[in-house]
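Chains as they are written, first to last, in the working numbering: chain A, 3 to 268; chain B, -11 to 959.
Hints are computed from structural coordinates only; laboratory data are not their basis.
Take the hints with a grain of salt, since some may be wrong.
Computed footprint of chain A on chain B; a stretch qualifies when at least three of its residues, placed anywhere within it, have a C-beta under 8 Å from a C-beta of chain A [to be verified]:
(1) -1 to 9
(2) 44 to 53
(3) 388 to 397
(4) 456 to 467
(5) 542 to 551
Even glycine gets a Cβ: it sits at the ideal position worked out from N, Cα and C.
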Amino acid sequence: MSAKVIVLSGYGLNSEEELLHAFEQSGVEGDIVHINDLIEKPDTLSAYNILAIPGGFSYGDDTGSGNAFAQKMKLALWDALKAFVARDTLTIGICNGCQILVNLGLVPALNEYGERDVAVTYNASARYQCRWIDLAVESASPWLKDIDSLHIPVAHGEGRFMMEDDTLSALKENGQIAARFVTPDGTAAEGEFPHNPNGSVYDIAAMTDKTGRILAIMPHPERGMFTWQRDDYHEIKDAAQREGVNLSDESDGLQIFKNAAAYFSS
Amino acid sequence: MHTRIEILAHKDDGRAHQIEKTLDSMGIKACVRAVDVYSSASVDAQKDSFAQSLANPVTQKVNQTPTDFDWALEIGFLPGVTDNVGHTTSELLKLSAQNDNDDADQECFSSRLYLIKGEAQRDDIEKLSAIISNKLIQRISIKSNDEYARDGGMDVVIPKVVLEQNDVIADNVNLDIDDAALETLSKYGIPNADGSKRGPLGLPLVYLKAIQAYFKKEGREATDIELETLAQTWSEHCKHTIFASPIDDVAKGLYKHYIQRATKEIRAERGDQDICVSVFSDNAGGIIFDDNYLITDKVETHNSPSALDPFGGAITGIVGVNRDCMGFGQGAKPVVNRYGFCLADPRKTPNYFRDAKCTDALLPPSNIMNGVIAGVEAGGNCSGIPTPSGFVYFDDRFAGKPLVFVGTIGLMPREINGKPAHEKCAQPGDKIVVAGGRVGADGIHGATFSSVALDEGSPATAVQIGDPITQKKMSDAIIKEIRDFGWYSAITDNGAGGLSSSVGEMAEGSGGFHLELETVPLKYPGLSPWEIWISESQERMTFSVPPENTDKLIAFFAKRGVEATVIGTYTDSGRAKISWHDDVIMDLEMDFLHDGNPETPLTTTFTRGGEAEPDLAEPDNYEDAMLTMLGRLNICSKEFIATQYDHNVQGTAVLGPLQGKGRVYGDVSVTRPALDSPKAVVLSQGLFPRYSDIDTAAMAAAGMDMAVRNAVAAGVDFSRLALLDNFCWCSSDEPERLGQLKRAVETIYDIAVKYQTPFISGKDSMFNDFKGYDENGQAIKISAPPTLLVSSIGIMPHTKHSISLAPKAAGDSVYILGETKDELGASEYYDELGHLGSNVPETDAHQNLRLYKLYARASRDCLISSALAVGYGGLGVTLAKKTIAGQFGLDIDLSGFELRSDKMLFSESTGRIIVTVAPKNKKSFERNFKGFEHCHYIGSVSYSENLLIRDILTLDIKTLDEAYKAPLRDY
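Make the full structure from the sequences, and use the hints.
Here it is, written out as structure tokens:
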């Protein structure tokens, strides 16, 4: 089966169009499907091998970001979701999608799918933060193959991973911590604002389930997939012009989606 | 039995820390825990599984609220106030209960409890609650630990709206009364049976007399709903009577004679190069984006509601202008939001009161600032619309009424189903369908209220709070799906005046309507017909739908979790008719409703303001002068706002709010709204309220030039640039204020025609005055300075032409384009020194036009490495901002200019841009401007860490950076 992605929409999710665009740029066909349509026909999932939950403000973040949408999915779709992740499929949740995966207990799922092991909660600043950050990536996840670092933006009010110490140790041991905030020169952020924009424990920005096939990531790769989207675009553009070289259209974030395409073509 | 669920947040909770910070600023060290509270009267809410579903077990605890605190402070909403968290919780309860029994009442309400441990008195907690809540919309409960223990916790409050059921009929109103009684009726509203009044109609006597005559002719009494409808439709807010009325010798009025005419003349002159598609006639203006798309723009003000409830006013404003975008043509997709706030200094605490006894204080400026910022944040971020640019302008005369500008840019295909997408028209026989939120008592009298000055009698029911998620569900269903099915003939939004405006306006297309008011879905029973008709409850769109399509439209909305209902029929009867069950309660001629308001000719006077030009000594120390200027509120960084607003959502941001490594708050944004096109939209704005103190013509010209020049500097295609006007005036019943207005409007006509930049949309707000009392009980009036905001929207053929303000490399040349004159009147510099002066900047549109055309050629040829239009604080501030943004030093020599150094640095002459140019482009750049006498080389980007202005000042980047960023950093 070649790669085919289902991108969810509805109830305040809002980044579905650019997320589908990211997959399409990487050679993956797909559809945007409203959550109510999926609930009406849960079997729809079987026609896809990538599930993508985009960013947004599902239910306005009320009762905790991602919680209400996750409760809705759990009540109406849980069996279909379990069957989907049991197959050789890929799942990604970005920002609000990440919060939803965590509240569904699909990530990190230390014992079994469905248990909530971590929380993604209010930024330490108690303020929404929209800014570009740097990530160090160290993961065996197929989503993150051949990626060492990412310069992409965050945009969230609740992006702070919190957990018990035991959980953190287990995640480290299992290699489930997929990306961590670092300073622009690549050294650990160590909780320091603004490099770690939300106060996340151990500078965690993304994590996977044990298989690595499910990725929950707070920053937005789909908003950092083209050079013209970058915060330093004008500097890069100007430098290229001075040197008389062509500027590549592609930026860091795109590789994540290309990896998904490659996973199903190999 | 009522259920109260308490979810205790983690002890390291950002929200609780914010409260600790606030207490700390009051001198109280405390430890605070935050508890989210949900209350419900539903039996389903009693289940433990429901409570557990509201919490994350890793960080939160359910119903295990600790008792080791000194004070408990709970903040919830008053009955009827939009409770978004409550709505979501109600939906969750419905979802979880579906598996079991089906309880009819599953409403939940939210509140937040703070547990405070620290040495505070009740007074302190009351003071805290005043800072973090608003008594107009919220309820406060404070308990000491003893009281908490005695009562067994906090009280369970179910803030349901309960209205008396006996009043739900339309009343007749006797208009056969004398003029004084008519005026009383207008000021206080229609009397209820118990003698209370329903709130202002805001109609001038001459209008009331026309209404009196109309009903005399009809041979019957008016009903309350008819009077309320006329008050809405004829309000200044909806009818823009001041811009429409004959004024002095201008018989057609200011709007038609100047603003509309400018656009007409430009379009005619442009011929097939005309960029306009839809101007002034719809909810927004529309211009051509490319062969496939249109781009729309609309900027609204929401000043009066924001003065009472800054958060609610601002969020309602932004989601309201989003609906203007959705209600343009067949419906445009919101792709960018913009904002602007005119505020008083947040560091000051003036004491102004609505009443002479000094009990009802105005909100302090910092509350207003934080509230309006948060409102636009919540509305924009939750709706998934990027907010890449905006502005904040400070002047203490905005203490009584802040100005809150909100704008939305939309994208739509030029054709949908083979028809022009910007056209729409309700057809006779079409059903009236309303979709979205339900109707409550919120926002009643919003339109009539914003047309009068704020005083003691301002109604609190005018306050609404937007619900962005309800709107987002509706917006997605319309813009992303239903629109392209072609199921409706017309669409418009419900804003000011609610159904009375939306249905009334849409019915102008068909020629009449018949509304069955009892079919309108309500939030709670008990509303009177007139209230349903004019309620400004948010998140509603009105459609005109051919009868064969109504069922499928309603069914599709239902699949998206959106309620839609048929509430009547569009007709060609020439009558505006409303029935309530079997009674006809309104039956007015459409012509009278829309055009029956008599002309009210206006006369004006004008006197130029200002003082003598001051004779000032040069500053002893230019370093100090520069740092002081950088720290001024109108100049310093507003980064704290920029980072709270999502500017990257939709993945379209090219040039955002913060530019360069040094993150300077820019005045212009560049966005690629269509992912499949490299074309970009350039947005900016300009305003100079203080210039009105000398001359409103200079004020208007400077704002207009700034809006254009910012966009030009960033690389817009100058022939694809359009403008929007927002006049926020004061005391517009005084001839002198009207004279200032007329002068400003004349000016923008002249400049628009010269620049060939058409106006495509506008909105005005004419009474930005506060009438109240100072701390001694003395009557005062605070009038906002007459302000014209000009917003610009233009197209850039490719993002590669986008130019940021930050210098890119040492060794580049620095040029000043445009002429610097001795023009410091009403400038930031004079204001800092306590002077107004006389030499306010005059705008030479002819010379500017030459420059902008030459510049557009240079930017198209990619000859410019960085550019910043000179604004507040003049050349000196512009050079400093460029130094900070690029984190490069500059080596500048101004000795070739004759002006004294302080005037050279801080004059605010318009029409100037500072650019840097790479060595390899230097020759071409200079050739490009050959023959233009105001292009001067003034130095270079240096390898040093200093801004050096030879013989004047030397300041290192770090010092500049600190002066620029420190003033508002902690907000």
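These are the hints, each one checked on the structure:
| no. | hint | result |
| --- | --- | --- |
| 1 | -1 to 9 | holds (count 6) |
| 2 | 44 to 53 | holds (count 5) |
| 3 | 388 to 397 | violated (count 0) |
| 4 | 456 to 467 | holds (count 5) |
| 5 | 542 to 551 | holds (count 3) |
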